Amino acid sequence: MTDLNMIEAIRMALSRALEEDPDVVLFGEDIGIDGGVFRATDGLIQRYGSARVRDTPLSETVIAGMAVGAATQGLKPVAEIQFMGFLYSAIDQLANHAARLRNRTRGRLSCPMVLRAPFGGGIGAPEHHSESMEAMLAHIPGLRVVVPSTPARAYGLLLAAIQDPDPVVFLEPKRLYRATSEPVVDDGAALPIGDAARLREGGDLTLVSWGAMLKETHAAAEALAGEGIEAEVIDLSSLKPIDRRTIRASVEKTGRCLIVHEAPLTAGLGAEIAADLAEHCLTSLLAPVRRVTGYDTVMPYLRLEDRYMPSVGRILRAAHDMMEFA
Amino acid sequence: MTDLNMIEAIRMALSRALEEDPDVVLFGEDIGIDGGVFRATDGLIQRYGSARVRDTPLSETVIAGMAVGAATQGLKPVAEIQFMGFLYSAIDQLANHAARLRNRTRGRLSCPMVLRAPFGGGIGAPEHHSESMEAMLAHIPGLRVVVPSTPARAYGLLLAAIQDPDPVVFLEPKRLYRATSEPVVDDGAALPIGDAARLREGGDLTLVSWGAMLKETHAAAEALAGEGIEAEVIDLSSLKPIDRRTIRASVEKTGRCLIVHEAPLTAGLGAEIAADLAEHCLTSLLAPVRRVTGYDTVMPYLRLEDRYMPSVGRILRAAHDMMEFA
Amino acid sequence: MAEPLVFLNAAGACVRDLPDFARDGQTLKALYAAMVRTRRFDAKAVALQRTGRLGTYASSIGQEAISVGVASAMRAEDVFLPSFREHGGQLWRGVTLEELFLYWGGDERGNDFGGPRQDFPVCIPVASQYPHAAGVALAMQQKGSGGVAVAIGGDGSTSKGDFYEALNIVGIWQLPAVFVINNNAWAISVPRSQQSQAQKLSDKAIGTGLPGEQIDGNDVIAVRAATERALERARAGEGGTLIECLSYRLGDHTTADDASRYRDEEEVSPHWKEEPLIRLRAHLVEAHGWGKKDEEALLRACAEEVDAAAETYLATEPEPARAMFDHLYADLPPDIAAQAEEARDD
Amino acid sequence: MAEPLVFLNAAGACVRDLPDFARDGQTLKALYAAMVRTRRFDAKAVALQRTGRLGTYASSIGQEAISVGVASAMRAEDVFLPSFREHGGQLWRGVTLEELFLYWGGDERGNDFGGPRQDFPVCIPVASQYPHAAGVALAMQQKGSGGVAVAIGGDGSTSKGDFYEALNIVGIWQLPAVFVINNNAWAISVPRSQQSQAQKLSDKAIGTGLPGEQIDGNDVIAVRAATERALERARAGEGGTLIECLSYRLGDHTTADDASRYRDEEEVSPHWKEEPLIRLRAHLVEAHGWGKKDEEALLRACAEEVDAAAETYLATEPEPARAMFDHLYADLPPDIAAQAEEARDD
Ligand SMILES: Cc1ncc(C[n+]2csc(CCOP(=O)(O)OP(=O)(O)O)c2C)c(N)n1
Ligand SMILES: Cc1ncc(C[n+]2csc(CCOP(=O)(O)OP(=O)(O)O)c2C)c(N)n1
Ligand SMILES: [Mg+2]
Ligand SMILES: [Mg+2]
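Chains as they are written, first to last, in our numbering: chain A, 1 to 326; chain B, 327 to 652; chain C, 653 to 998; chain D, 999 to 1344.
By construction, these hints were calculated from the structure, which means they are not laboratory data.
Since the model is a prediction, treat every value here as computed from it, not as a measurement.
We put the beta carbon where it would ideally sit given N, CA and C, even for glycine.
Be careful, since some hints might not be right.
Computed Cβ-Cβ distance ranges for the label pairs, DEER-style [said to hold, decoys possible]:
| id | chain 1 | residue 1 | chain 2 | residue 2 | range |
| --- | --- | --- | --- | --- | --- |
| 1 | B | 632 | C | 955 | 49 to 59 Å |
| 2 | C | 972 | B | 505 | 56 to 66 Å |
| 3 | A | 181 | D | 1313 | 54 to 64 Å |
In silico negatives: residues of chain A with every beta carbon more than 10 Å from chain C [what the hints assert, rightly or not]:
| id | residue |
| --- | --- |
| 4 | 39 |
| 5 | 42 |
| 6 | 46 |
| 7 | 92 |
| 8 | 166 |
| 9 | 201 |
| 10 | 222 |
| 11 | 230 |
| 12 | 241 |
| 13 | 282 |
If we take Cβ atoms under 8 Å as the criterion, some of the chain A residues that face chain B in the derived model are [to be verified]:
| id | residue |
| --- | --- |
| 14 | 104 |
| 15 | 108 |
| 16 | 138 |
| 17 | 271 |
| 18 | 278 |
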């Protein structure tokens, strides 16, 4: 058991899947000899050959559509979109085909594909390289959307995504790729998709987040603990389906929910969580449900990027407001 | 002043815009001699010529992208996507370019384009012809998204969209195209974008909806009135930006909010409205915020389509639950 | 510019040595019967739609040779990825008339073919089937199955980026895929000339390094011969082919369309002389003793079979509301399962 | 297969009669100076990035002739739509060094060119500039402005559907647009051979009915001559052109890339002999009395100018947080205005 960062954990999961299942095929731009622009596939073409780890031309529509076609015929395509900002061209295939093939053929054909894409900001990348548009995907019936928050969870959730009989979009918070390391066992064990993870227990306030923003969320929880406010931290993990039960149970206990995400506020996925609570936990709520999110503007270029990303300060201010609400 | 149905009102607005502004150009598939598959542009090519009313090849990406390019150079493109199910290929241009060109050039270039698309179900169309994915668009910073609910509002809002200095997606509830007629004055008067319309006053319950679902929403309000429950009906009209003030003011009065839309529940736009209330109107709420929406499944083919569309019965059941909540 | 490949001209005369399969009367009669059956299905479907008993329908009248010719060249283990106007090919492959009626009648069970289990259902978003075909071909290449993916789309479909991206990757990866263009001269109201300035749509192969061929799509023999060659190349590991079949849309785009708004009867009528049934019948009469009785028997058999299938379709109860959810996921997430309950009770 | 158009070969010898503009020493010196200036900017930008004072940067080293040649053929009223590797063309058009530094330094003000006000900023989503160019050309056609839209993209960009859809409509509508491919043989780690099986990328024009031409993109004279011809055609109402410029990416893809992972030095080194500056300098020396002093003076002037611009850039304060919102809409909706306040105070 070694300490791995998230990119290494992802690579280990991909390697394991290639090893165990001859039907697993990887394709995408620069995933072969270059090993992917973030090195998620480093070494895999050498190990598994260029038939199973394939560089595509620069064609996102065909990357997604080819995954659909291949998945119907018994392959398990794990395709990569190099950055989420270039995933828009793949949405047609995701929404119109991948997500509905099983349904429209009444189970005759299915689409067990995975589409991986790094997402989110905070690494000072060029424009269009820092998008967080997960809410758009989470709205598409028939998809699953997963976001890991730690190396070990990335390993287990990616294996789960590959084993899933239906299409899964696997969004990788690139700010976390090399942020921290932790022990990851290469045991081939998948984590269940659809379950949120309670990362910290607390009775005063529920903080819900996913991916890279859990960093700021944890920091805020720490700071709050220093003030005697015990926050429960929930890693949503699966953005579709959402583990509504876990969130409701937590909020029924704490009476307060603050959702943190990097994507713009309006019609972001935080809205779905808040709406679910407004319907199902109204009488438990001791304070307004708050969202600390990216602003409803375009992710700025790098000089202002930090001013866009939700800060620990903003989370704390919202939390304090909520604690003081009466 | 004549009675017009919505498609006629849209045509009148398009004709007016072509008449008044030589920079207005229409393009899309089959909008020329065929007059559009719903006849929205019927007669316009004869009147304004094939340079200003143009049939495109079958290329949604270029329809959207060409609108962006043309808009930056002083044209006012009003482009049509034949059905919303084929708009996915245009999202890349909308999100990555149209919506951010003004911002990323710090105002040097702008993108005053309109993208029209019929949306929604209920007319027994083939698969992929009945989508309601407005929430995906409403999440994109820099866009405006508008949905009319009556012929007169369609006329005024479409003119507003064309006059708007920024990109507007104009979604036309096709179930309403020929559903009703009303007097529409061809006075060239634009309605403000961003304002919700209160279509009915009431003190017991706020019903928020948009587009075609206002039909069922109105019917439910009528039925409730028969029981002595006075519902306020709000036509959201502008899905981005959302007129949060009008909704909050209404809910502060009624204490109850029920949102009705045809799109799938999860991460639908109803979530944003409910979330806004959970944050800003918590203490006014006398009952959980409810959403009656399309299910989180693929719009079925026509035989089951009616079973998918939110029914008056479902709205009433939710409203009754809310009134009885204690 | 090379002339489009043709064996039987519009008058039914052989203008070129027939390929082997086309010297066999049985084979030709089977092709003829398949086209007649398709046309009968078309007529019935339009009639049902006109009387409110079917959804919007896209007739293939006049273009039967394309998908019948293509499908007849395929093997069972190949995979067919049709657009919405290729009923003939689906029927040849074993999709039943009932299934087609169900599909066009708005019932998803119509896609649950008893027959070619790996074939794709009709593709409505134009051109999006081509990337699928590339993926299917990738699976075949990877698994060494010897199969070939065969996609058909219209002239309009060649304007979409999907078509081009897919053709390009078929070229690079030498995938066993054949893309067939049903060039029926119209994409709803947009004529071929407004779809591209390419001299031939088959020229679109050049930019991807693939062979492209333009053929007479009203000659089922030419269609089958060209497809067979392309399939052989693909099976031999030599990669993909683009085949453009020239035909003409004799009818409206769909039952929701009124073609008289945008094209003159004068343009249409000469094409009636070129449609695929006349010429093959003439050849059958001349070369294979096809007689009036044969013709009548065939028409009668098709009519009976189609009518019976329509009756079965009409007698099929719609699914319960719950069916909207039954195949959404292999395992329905709990919150959606709750919605399924609500739908059942609504 | 026709040889790519070239006037000056790698050794700087004229292999063909020079076009008029290239007989003029002043013109050639201006082109040379522009390329040297671009290369100096490139070097400085890479240095700044390596020391943490610039964002990820895409060097154009070795490919200066393409965008300088293209831009030098354009008029002020034409519109340039560059990808991210066409600094030379932007500079020629009047974008300032400070603006380029600002852009690559992560400051949107770098796109607010004082100079070519209608030019597009750098396009990052590969190939999405081609549809824009079609739209710009549509506006020019419609307004009869006499302008032409000129887009540049890489070899990789030709695999995207956007490229193809845009080229196709340029063909149909005879739009005044020129698409230039900077074929530098690589798209990050993917070599040209894995991008398409087309013999030449310029062959991609055939499927859209447009003329396509492959030229030596290291010969600025060939680039300018081919672009001038294409612009004339466009201005004469004869429609669009595709020009493929053959060059080579001597450097890494960007500062975030390490090309040694996927290509050997042996492949790269011969290309250093073909790069565009050497050959033009040789020609200037031979035909226009360019001397060591001229060269030194030019290098010095470029260095000083670039260094000064870098200083100005580095001294430019970032915008306040509120700037994120200032140009989002012409009129900021009220709820977003509230967010702007929050951002200011955060
Ligand atoms: C991506 C997409 N855009 C638009 C449509 C609407 N539409 C359906 S068929 C059609 C024309 C298709 O023309 P063609 O490809 O020539 O096929 P044909 O109908 O002639 O068989 C259009 C525009 C669609 N189904 N998909
Ligand atoms: C649509 C899209 N997909 C992926 C990327 C990531 N990316 C940036 S540059 C590049 C390669 C571009 O190659 P080419 O077009 O040849 O241009 P070059 O970099 O060689 O100048 C890729 C894949 C992108 N920017 N846009
Ligand atoms: Mg057609
Ligand atoms: Mg390149």
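Structure-based check of all given hints:
1. B:632 / C:955: 49 to 59 Å: Taking Cβ atoms as reference, residue 632 (chain B) and residue 955 (chain C) lie about 33 Å apart, which means the hint is violated.
2. C:972 / B:505: 56 to 66 Å: Given range 56 to 66 Å: violated, Cβ gap about 28 Å.
3. A:181 / D:1313: 54 to 64 Å: Cβ of residue 181 (chain A) to Cβ of residue 1313 (chain D): about 39 Å, so the range 54 to 64 Å is violated.
4. 39: holds, 24 Å
5. 42: Holds, since 22 Å exceeds 10 Å.
6. 46: holds, 19 Å
7. 92: Answer for residue 92 (chain A): violated, closest chain C Cβ roughly 7 Å.
8. 166: Check fails; 5 Å does not lie beyond 10 Å.
9. 201: holds, 23 Å
10. 222: holds, 32 Å
11. 230: Non-interface label on residue 230 (chain A) holds, nearest chain C Cβ at 28 Å vs cutoff 10 Å.
12. 241: violated, 4 Å
13. 282: Correct as stated: the minimum Cβ-Cβ distance to chain C is 18 Å, above 10 Å.
14. 104: holds, 7 Å
15. 108: violated, 15 Å
16. 138: This interface hint holds because 5 Å falls under the 8 Å limit.
17. 271: Constraint on residue 271 (chain A) satisfied, holds at 4 Å.
18. 278: Constraint on residue 278 (chain A) satisfied, holds at 4 Å.
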